[in-house]
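Fit chain B to the supplied structure of chain A, relying on the hints for placement.
The residues making up each chain are set out below.
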Amino acid sequence: MRPELIKEVTYVPYSGNMAAAEAMRQINPDVVAAYPITPQTELMQFFADFVANGLVDSEYIPVESEHSAMSACVGAAAAGSRAMTATAGPGLAYMWEVLGIASGMRLPIVMTVVNRALSAPINIHGDQSDMMGARDQGWIMLFSENAEEQYDNLIQAIRIAEDERTRLPVMVGMDGFVISHAIERVRLLPDRAVEEFVGELKPMYPLLDVDNPVTHGAVAMTDSYMEFKRQQREAMTNAYKVIKEVGEAFEEAFGRKYEHIETYKTEDADYILVITGSAAGTAKYVVDKLREEKSIKAGLIKIRTFRPFPYNDVMDAIEASNCKAIGIFDRAETFGGASGPLFEEVATTQYLRRKYYPMTGFIYGLGGRDTNVNHIEEAIDKLMRLAAGEEIPLVNYLNLKE
Amino acid sequence: MAQVKAAEIKIPPLKKLTNYPEKLAPGHRLCAGCGASIIIRQMYMVANALGYELIIANATGCVEVCTTIYPYNSWKSPWIHNAFENAAATISGVEAAYKALKRKGKLPTDKKVKFVALAGDGGTYDIGFQSLSGALERGHDFIYVCYDNEAYMNTGIQRSSATPKYANTTTQPVGSESLGKPQSKKWLPVVAAAHGIPYVAQVAPSHWKDFMEKFKKALLTEGPSFINAFSVCPRGWRSKEEEGILVTKLAVETNYWPLFEVENGKWRITYKPRNPKPVEEYLKMQGRFKHLFKPENRRLIEEFQAEVDNRWEWLNHMEEMGEEKC
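Chains A and B are the protein sequences, given in the same order.
If you're matching positions, the first sequence starts at 132 in the numbering used here and goes up one per residue.
If you're matching positions, the second sequence starts at 5 in the numbering used here and goes up one per residue.
If we strip away everything but chain B, and leave its shape as in the complex, we get:
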């Protein structure tokens, strides 16, 4: 049903979208070139266009710390922060309260609201994983948005299970005996999809039309959605502030960050680069992978490429399986 509705409802052109008032006010303290604020603004653009009010539960992290230092506040929309690991549980409570109060006739009925849990990769992949899994399984009507900047950036680039293999972080630094993080990135959207929830998507703000289309679907979905958003972190990745969207774009063009969705169990890659670039091009823009470019470490780039290819192949396979079923 959500599918039909989603196709019928069109997102207005960009020019119109920019006319809506900003819900994330400027003056917040996120770093120059940060991906997270772009992600949030793109979310609000869709919500504004479709007439939804977003009620956000924000986990501890960059966004929370940088937007609400008392007495300042960037949110022109209902917003709650509880702790690091419990954004999903917190939004469960808010959503339950909404249902209860609405049933008792204590809330206006003409408002369209959507509940959003917003967290970084630390609050999602790691410490908030149980809370996330619980809320997805219980089927609350909410969207979980992870702005994935691949480490604990707020506190100074500590590794998370979202950190890619061989990235240099402060808790698994590169050294004479270390090549950076020895483990691969947890593939969380796949884990989220395994909960059998109605909608899972991976997005990148460089591909904003794709992003908005997916966020729109999540808004129109009854029940839980999970969106994993690529969130460039110039400070943590040692990339140029002004190249944030370029880095994001290359992550997609190299298939490092595939854009895909899982809608009611059906897997679909929403963007397939015609000629995928080697992942090396993405890696070389970032100081966190600098050590891979030493002559003796070239094989690690090959290994990295092989993993990207494997995951891409797996996704294609999942997509094909869905087609066979239909």
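Chain A on its own, in the form it takes in the complex:
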């Protein structure tokens, strides 16, 4: 029997990696298969320590690659066990093929992605190109703003993934280094409370039930493939509701509120910033600063759920504000597209309501480039000019040496 370490809500100075590993310890999955990659390595090391010291009951598979990590998770989840892993950047890219298999086979795997830039040039620092590149692989995608959110999101992800209405894998992203390696205050929940919250996995068609043999991963030809894909869309649509319900249950249990989006001072805002990940924290500071110093009314929409994308939530928040212009912050490129991937989603939300606001996109933080207060101020200045009728391009780089 593994020991109970945390008996009451405990404040700790933790990095995002420590917080994610701690969540995994408390979830106590049946199988963890992982391969180390910067900036996720530390997370895997913390978990390996838990295994080495009997703090989890998990079978731990230190695989030879990320491709095998996800492949082993597929095997473990199909077998009827709770499987988790973690990766970053190129590791996620290497898993790409198997990501679609995990979701296509409807396996509730949960994974931390420590967001890292993709090569080339090789770069180990944070950006979200990795998850944006895996955007259409059928995973539910959540982004965290800080270490505690990563911890909370991972715990919720287990229930979201395993709900019979979804049965989809979930990846939870946190920015490399800025979250993964920075020490912050994290409020850990009691071991038993987490155990109770995530509950027991109810296996569906487990491979290990030898008395009722099942086939996983059959061939689907032209006459059936589309129907499988259609069902996946249904599951992803259901996920919208499930994520909301699990967020509400989490708030009820632990008093921490989680919705698809977080709005910050949008009600009376003239300028709306849409952002995901750690930069939301800096942006909130800038919103306060400009309101205080210059009486500029900016507000922020932080995207927590990226897949399924919460179109209605975003648009409700925009319509309830004083919106004169929207600035979308993308920490990833879509080369040849109009602007970044988040920009495209927000553009779509406007189409869905047939309501259009001036908007523009800001590409920031690629390969770990700093995004400071002055860069966000600069972006808001552009939004003000856009609202005033000035022509602003759809792609604007922040903190770029030009």
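Because the hints were derived from the structure by calculation, they are not lab data.
There is no bait here: all hints are sound.
Below, in silico cross-link-like pairs of lysine-lysine (DSS-like), each with a Cα-Cα straight-line distance of 25 Å or less: (1) 106/B with 333/A; (2) 169/B with 253/B; (3) 116/B with 333/A.
All figures in this text were calculated on a predicted structure; none of them were measured in a lab.
Below, chain B alone, put in the same frame as chain A:
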């Protein structure tokens, strides 16, 4: 320990083996004369006789494609397909889940199960090589069975690193400037043995007693086993469907496909043809080697024979070394 156990446990006579229900149902779409289905049925015969349930992770390939076209399915046994290159990693996950759930008391304890990764030579020698090596090194309790038909047959005879030298394939075809595949066949069982795993064997379904004895040993082995099974492909080799087992037999009788095993590091040739036939007899049954029989190419057959002899000699040497040690 496995050795003692293996000697004690006898495989029932063939008549009894055929009475067990088939786990690979007929109606699958493998070609007439295909070696792979024979290999699978021989595996199940042993597993049935010894009371094991096999849980199979099948790589993309002929067997996977031909047995599970939705909504049809030939497997009366737990089976999973993940992708082409990851059967070994997939079975790692299944085996780990089994251990975890068993430890937590969530699985019945009276069942004897064995985990099997099943893949062709493409999914084993080439694209699945890393996944295989990783799983062998980590020591999962599983049997890796490669049905080696010496090319990517499912998609139309593209060369693999298991394709023998000078064989005609669609990606290294014979032509005015080409004699077929210029490289020799990768000797994978030797590479598998280099992982220091408890059991490695090479088998051929024509020699079914030898096959079953080896599969039995693999079943009783704790930890990873690797079995390389000769899998005749009439379509890809341009041989006669009805001569599949004959071709298989000749591969063994010519020493092209030696039957051997490596048990806890000890090498043993399990069948030594009394008078090995020239490899030419094996080659001439197959259209993929047709060009070697042109008068100007006769030297290539000699070269082929020399390589067969070299490998045979090397194996004999490995066997002798083991004897010296004992």
